[in-house]
Structure formats: structure tokens, C-alpha cells
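*Asks:* In case you want the letters, here they are:
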Amino acid sequence: MRVQVLFFAAARDAAGTDSLAIELSHGATIQDLKVALMNQTPRLSSISGSLLWAVNNQYQSLQHVLKDHDTVACFPPVSGG
Amino acid sequence: MRVQVLFFAAARDAAGTDSLAIELSHGATIQDLKVALMNQTPRLSSISGSLLWAVNNQYQSLQHVLKDHDTVACFPPVSGG
Amino acid sequence: MIQLVTDPIDYSAVTESVRSNDAGAVILFLGTVREFTRNEQTSWLEYEAYDEMAIASMAQLEAEARSRFPVKEVAIVHRKGRMDLGEISVAIAVSSPHRADAYEAGRWLIDTLKERVPIWKKEHYSDGREEWQHPGMTPVAGSDSSATPKLPAEKGEAR
Amino acid sequence: MIQLVTDPIDYSAVTESVRSNDAGAVILFLGTVREFTRNEQTSWLEYEAYDEMAIASMAQLEAEARSRFPVKEVAIVHRKGRMDLGEISVAIAVSSPHRADAYEAGRWLIDTLKERVPIWKKEHYSDGREEWQHPGMTPVAGSDSSATPKLPAEKGEAR
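Residue numbers (our numbering), protein chains in the order written: chain W, 1 to 81; chain S, 1 to 81; chain B, 1 to 159; chain Z, 1 to 159.
Simulated from the structure, these hints should not be mistaken for lab results. Mixed in with the good hints, there may be bad ones.
Partner residues aside, some chain B positions facing chain Z, computed with beta carbon under 8 Å [claimed, not checked]: (1) ASP22; (2) GLU35; (3) ASN39; (4) GLN41.
Derived EDC-like pairs (lysine to aspartate or glutamate); straight-line CA-CA distance at most 20 Å [unchecked claim]: (5) LYS114/Z to GLU46/B; (6) LYS122/B to GLU46/B; (7) LYS122/B to GLU23/S; (8) LYS80/Z to ASP13/W; (9) LYS114/B to GLU46/B.
The model shown is predicted, which means the values in this text are computed figures rather than measured ones. In this text, a Cβ means the ideal position worked out from N, Cα and C, and glycines have one as well.
Build out the structure end to end from the sequences listed, making use of the hints.
*Replies:* So, in C-alpha cells, the structure goes:
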């Protein structure tokens with residue numbers, strides 16, 4: 001299956017792009033996506049411990065199971081206000 | 001000596017006037033003024049336990065000693081805001 | 001900005017007066033005329049002030065807020081006279097580098113203004129009654145009590 | 001009123017949107033661009049948002065504030081893009097019958113917005129440096145830690 005990953009702020013700078021399409025096997029979790037991303041964009045590793053993940057506008061943990069065509073947002077801690 | 005007393009809000013309604021000149025003996029306190037006022041304007045007695053006193057824009061206790069020509073404000077608890 | 005006014009309060013002007021490049025936070029408080037208090041319906045309010053002392057007292061609040069909290073600017077504007085439903089009776093604006101201080105200073109200012117500043121509110125109810133609002137006033141029927149209510153805390157006393 | 005805007009925030013419109021005859025208190029919070037943080041001098045800020053989620057998240061904040069506090073109306077407007085010193089990045093207005101609730105709700109809204117809403121601030125310092133602000137971000141030099149930071153609290157979790 002295939003998910004679209006959106007990067008924001010320092011995560012976008014580290015990824016060098018604002019989005020990537022990633023192929024994953026059926027039943028993959030955000031943790032699996034994270035491992036795939038770190039292989040593909042090694043500079044993300046330096047902030048990997050701080051990244052937050054959201055699917056369909058909701059924060060999700062690394063255990064969250066992804067579905068085909070999900071849009072996953074990947075970003076560092078927020079600093080609005 | 002002589003002091004000018006200003007009344008506000010429910011105290012003015014009870015006194016029936018917004019100011020009174022009161023004669024007091026030298027060394028009189030606000031307590032002495034209060035006794036003189038209650039004799040002169042008996043309707044003030046009904047709220048006498050709640051009245052606040054200010055001299056020269058500062059709250060003062062009943063023990064405060066008055067001076068000739070002082071302006072004393074007499075009013076109930078405030079309710080601005 | 002310390003003012004006692006009769007015209008409607010321009011809260012944008014109050015807010016602008018405290019904005020600063022040194023502040024990261026501005027808090028504005030507006031007191032507005034509420035229609036219902038418990039089951040009583042207000043038609044309009046009337047505020048009376050002891051003008052001279054009210055202005056001195058508000059200026060003292062500003063000075064005290066500056067000594068208690070790391071605020072940049074303070075503005076306090078109270079209106080007097082007749083006010084209809086929804087109108088603004090008081091506006092207090094505070095700016096501070098950080099929001100926690102702005103919130104605390106703003107809260108302290110309105111709480112303390114309500115305890116100290118010589119302004120009184122008279123409710124005019126929809127049934128025609130009118131009534132001065134005097135928090136904590138205890139009429140002493142027929143007796144000239146020599147008790148005196150606790151004086152509003154002045155500068156330097158306990159918080 | 002829930003908005004993510006690029007033009008300057010009209011805080012009077014934000015405030016007017018929450019005024020009500022049922023409210024006795026209105027609190028407006030403005031976040032503004034501060035020049036100095038410790039010894040660092042800011043020239044300007046840039047805010048980036050994940051628009052779709054930021055708007056959904058602010059709408060959820062309003063819903064949650066209404067369930068937690070007896071508020072009448074809530075308005076949250078955040079700006080994105082470049083902001084100069086003194087400009088307003090966020091405006092939050094709350095109205096409530098009583099001031100204590102308005103203060104608490106307003107404070108909760110800005111505190112929670114800063115934890116949850118996907119918006120990021122980049123500092124542009126006077127010495128030419130630029131730096132994303134990421135509270136609590138701990139770069140893990142050279143190691144792909146599988147740890148994940150605590151998720152921002154969602155609706156229904158501990159206060």
C-alpha cells in the first residue's frame with residue numbers, strides 16, 4: 001500500500017521536501033513508516049525522537065495502523081501562539 | 001473645627017443630601033464624626049455598620065483623627081467594575 | 001492610561017495604549033452589562049463615582065500592579081452614568097513579556113478595582129425596581145453599630 | 001469565529017464576535033512579536049501552519065472550552081506568514097457571565113493552543129540567524145531513537 005507523508009517546519013528542512021509517497025506492506029504502523037523514512041531521508045534521524053505524527057488531522061502514536069492512501073503528517077513539536 | 005462630609009450612592013440617599021458641614025471639637029476622630037452624623041441624619045443609622053470613610057482620597061479607620069477643613073467621604077461598599 | 005469617562009469606552013484605544021515591542025502578551029478585560037443575574041432581569045445600569053478618589057485609586061492600582069508584576073504597560077478606563085445591556089462599564093489592558101504575568105496582573109487589577117475603587121452600581125430592573133449594589137453591606141436595623149467593615153486593602157498590605 | 005489568516009488580525013472584530021447581553025465579562029488575549037528573548041534580538045518571525053489540521057484543531061479547542069467552562073462565545077484567530085515586531089500572531093476572545101470563568105477559559109485556550117495546534121514559529125534574529133522554535137525538541141545526534149514524545153493531550157484526556 002502507499003501513503004503520502006507531509007513534512008512541516010524543521011522536519012521539512014531535514015527531509016528536503018514537503019511531501020513523499022512511501023510504499024508500505026499491508027498492516028504497517030507509523031513505526032514502520034518511520035523506519036522507512038529514516039532509511040530514505042537520513043537527515044530526519046537527527047530529530048526522529050521528537051517527531052509527532054498525525055493522520056486525518058488527529059495525533060496518533062507509533063502503534064497506529066495505517067491504511068492505503070492515508071495522508072500522514074510528520075512534524076516537530078508545535079510552537080504557535 | 002469644621003469638616004465637609006460627602007455622601008455617595010446609598011449613603012447619599014439615606015442622608016438625603018450629597019454633602020454636609022459638621023462642627024466637631026478639636027482632636028475629633030471619624031468615630032466622633034460618625035456619632036454626630038447619626039444624630040443629625042438618623043436614616044444613615046440603618047447602614048452605619050457598613051459605611052466606609054475616606055479622607056483626602058485615602059480610606060481611613062474610625063480611629064483616624066480629623067483636621068479642620070478636612071473633606072471626608074462617607075459611602076457604602078463599592079460595586080464598580 | 002487612567003480614565004473615568006461618560007462616553008462609551010473605545011477598547012481598541014485602550015488596547016493600543018499598552019502594545020509594545022517589549023511585550024509578547026496583551027490581556028484586555030471588558031466588564032459588560034449583563035441582562036440576567038440569577039432570575040432578575042436588568043434593563044439598564046447606572047454607575048456613580050467619587051471622581052477624584054476613583055481616579056487617584058485607579059492610578060494607585062496601576063502603580064501597585066507595576067510593583068507586583070513584571071508588566072510593561074497598564075490601562076484602566078471606567079465609565080460612569082447610564083449603561084444599556086451589553087455596553088462596556090470597564091476596560092483593563094495589560095502588556096507583559098510573558099502571558100502568565102499578563103494574565104495574573106489583569107486578574108489582580110479587576111479583582112482589586114472591585115474591592116477598592118469608589119464607584120457604585122445601581123441596577124434598574126425590568127420590573128421597575130432600582131437597587132444600589134453594595135457587596136457585603138449588612139443593614140443594622142435600628143442600631144447604631146460602632147463596627148466598621150474591613151477597610152479595602154491599601155498599598156503594602158497583604159495580597 | 002475560528003480563522004487562520006495571512007493578513008493582520010483585526011482584534012476588534014474578534015472581540016465583537018464574542019460580546020453578548022448574556023455575558024458580564026470578555027477576555028481578549030493577544031500574542032505579539034517581542035523584540036528580545038533573553039539576550040537575543042528578533043528582527044521578524046515567520047509562522048508556518050498545517051492549515052487543514054490547524055483549523056480542525058482550533059475548532060476542537062473551542063468545543064472543548066465550551067464543555068469545560070461556562071463560556072458564552074469563543075473566537076480564535078491565528079495568523080501565519082511573516083510578522084514584524086509588535087504585530088499580533090494570535091487573538092483569543094472569550095465571553096462568560098462571570099469574569100473568573102472568562103479568565104480561566106481564556107488561559108486554558110492559549111495554553112492548550114500552544115501545546116496542540118500544528119503551527120510553527122521561526123525566529124529571524126538581528127544577527128541574520130534563523131531558527132525554528134520547537135519546545136522540548138531533543139535532537140538525538142546520530143541515533144535513530146524509537147522513542148516518541150508525549151502526544152499533545154487530546155479531548156477527554158487529563159487536564
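*Asks:* Quick one, are LYS114/Z and GLU46/B close enough, alpha carbons at most 20 Å?
*Replies:* The given pair, whose Cα atoms are some 41 Å apart, is violated under the 20 Å limit.
*Asks:* Next item in the hint list is GLU35/B. Is there a CB on chain Z closer than 8 Å to its CB?
*Replies:* Nearest chain Z Cβ about 4 Å off; hint holds.
*Asks:* Does ASP22/B pass the interface hint, meaning its C-beta sits closer than 8 Å to a C-beta of chain Z?
*Replies:* holds, 6 Å
*Asks:* Going straight from one Cα to the other, do LYS80/Z and ASP13/W come out at no more than 20 Å?
*Replies:* With Cα atoms ~18 Å apart, LYS80/Z and ASP13/W stay inside 20 Å; holds.
*Asks:* For the hint on GLN41/B, just tell me whether its beta-carbon gets within less than 8 Å of chain Z.
*Replies:* violated, 10 Å
*Asks:* Run the distance test for LYS114/B versus GLU46/B: straight-line Cα separation, threshold 20 Å.
*Replies:* Distance of about 16 Å is within 20 Å: holds.
*Asks:* Compare the distance between the alpha carbons of LYS122/B and GLU23/S with 20 Å, and conclude whether the hinted pair is satisfied.
*Replies:* Violated: LYS122/B and GLU23/S sit about 32 Å apart, past 20 Å.
*Asks:* Just to be careful: measuring from the Cβ of ASN39/B to every Cβ in chain Z, is the smallest value less than 8 Å?
*Replies:* violated, 13 Å
*Asks:* Take the C-alpha atoms of LYS122/B and GLU46/B, compute the straight-line distance between them, and say whether it is at most 20 Å.
*Replies:* holds, 5 Å
The structure fails hints 3, 4, 5, 7 (numbered hints given earlier, in ascending order).
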